[in-house]
Amino acid sequence: MYTVLYVDDEQDLLDLAKLFLERSPEFCVKTLTSAQAALESPFITTCDVIVSDYQMPEMDGIAFLKAVRQQSKTLPFILFTGRGREEVVIEAINNGVDFYLQKGGDAKAQFAELSHKIRMAIERKQAVEERSESEKRFSSIFHASPIHQIITEFSTGRILDINDRFLKDMKLTRSGVIDKTLGEIGFHVDEIRYTAILEQLEREGIVRNAELLIRARNGQTYTTLISMTRVRVHNQDLVYTQSMNITAQKKSQQTINALLNAPPDVSMLLDRAGTLLAVNHAAAVRYAIPEQDLIGSNAHELISSDLSTLRREMIDRA
Numbered sequence: 005m006y007t008v009l010y011v012d013d014e015q016d017l018l019d020l021a022k023l024f025l026e027r028s029p030e031f032c033v034k035t036l037t038s039a040q041a042a043l044e045s046p047f048i049t050t051c052d053v054i055v056s057d058y059q060m061p062e063m064d065g066i067a068f069l070k071a072v073r074q075q076s077k078t079l080p081f082i083l084f085t086g087r088g089r090e091e092v093v094i095e096a097i098n099n100g101v102d103f104y105l106q107k108g109g110d111a112k113a114q115f116a117e118l119s120h121k122i123r124m125a126i127e128r129k130q131a132v133e134e135r136s137e138s139e140k141r142f143s144s145i146f147h148a149s150p151i152h153q154i155i156t157e158f159s160t161g162r163i164l165d166i167n168d169r170f171l172k173d174m175k176l177t178r179s180g181v182i183d184k185t186l187g188e189i190g191f192h193v194d195e196i197r198y199t200a201i202l203e204q205l206e207r208e209g210i211v212r213n214a215e216l217l218i219r220a221r222n223g224q225t226y227t228t229l230i231s232m233t234r235v236r237v238h239n240q241d242l243v244y245t246q247s248m249n250i251t252a253q254k255k256s257q258q259t260i261n262a263l264l265n266a267p268p269d270v271s272m273l274l275d276r277a278g279t280l281l282a283v284n285h286a287a288a289v290r291y292a293i294p295e296q297d298l299i300g301s302n303a304h305e306l307i308s309s310d311l312s313t314l315r316r317e318m319i320d321r322a
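Using the numbering used here, the final residue of the sequence shown is 322, and nothing's skipped along the way.
Everything labelled a hint here was simulated from the structure, so no lab data went into it. One or more hints might be untrue.
[What the hints assert, rightly or not] Cross-link-like lysine-lysine pairs, in silico, PhoX-like; alpha carbons within 20 Å at most:
1. K77 <-> K121
2. K107 <-> K121
3. K77 <-> K172
Could you build the full structure based on these sequences and the hints that come with them?
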């Protein structure tokens, strides 16, 4: 149920509005006859929406709106008045009114429209709050992530946000990178590879686990694994990028490959359970299975197969 605070110096109109609006079980209407009384009332901090007349003694609807906006920028406020002057409408809009409705005409249609505007104002506020909460959650996860994350403008590559881990690892400051491109802060990429990645991003809207060489401003070259997603936020075309430095892993893999391929015979790297982690070309030839398909299989099964083959060969020779 939503609480509606309705302020008007005409008691008869307040009673009529309360009667009509409370026909809907979603509304509970609290009425007061002056803006000053409303500001001093506990309802001002507990209501979901304010409906106010414009022309009232002591404090008019615009002055009331200004006072409410000093306390809350988001509390829905509807000006419901018999005064239709253009300057009143403009001043109300400039001070943050949500809707402006003019009194008069058929009472049933008038209050039906007021009921509709109340729902719209409340739903709009809820949508804004939900979006704000979602953005806060994303920001918290974004900045706490141990993976480098960056948000850039798609058309220019300008950095709009960057997470704390990226700044710390690369010894950068937020003020030194915002609104700049990677090139402007001293990062250079493999242009041919990067262009291919951006073309894929433009075609498909997403890139997953693409390797890219980056030279940092300190002269060091890193191999990174990047994933990019093109998103539209607040009418901006953005790119959300995650990157991981895999230089050490690449070097380790190169060392393992060199060791495995040095001898001409079958060579394998396996864990304690016998699962193959790496194999050389000789192993792929020996078992007639591509290297990538051997990875993850069980070495004991391969060896058992070898023993069975050897046993059959010995029997055949005998």
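Evaluation of the provided hints:
1. K77 <-> K121: OK: K77 and K121 at ~18 Å, within 20 Å.
2. K107 <-> K121: holds (14 Å)
3. K77 <-> K172: violated (36 Å)
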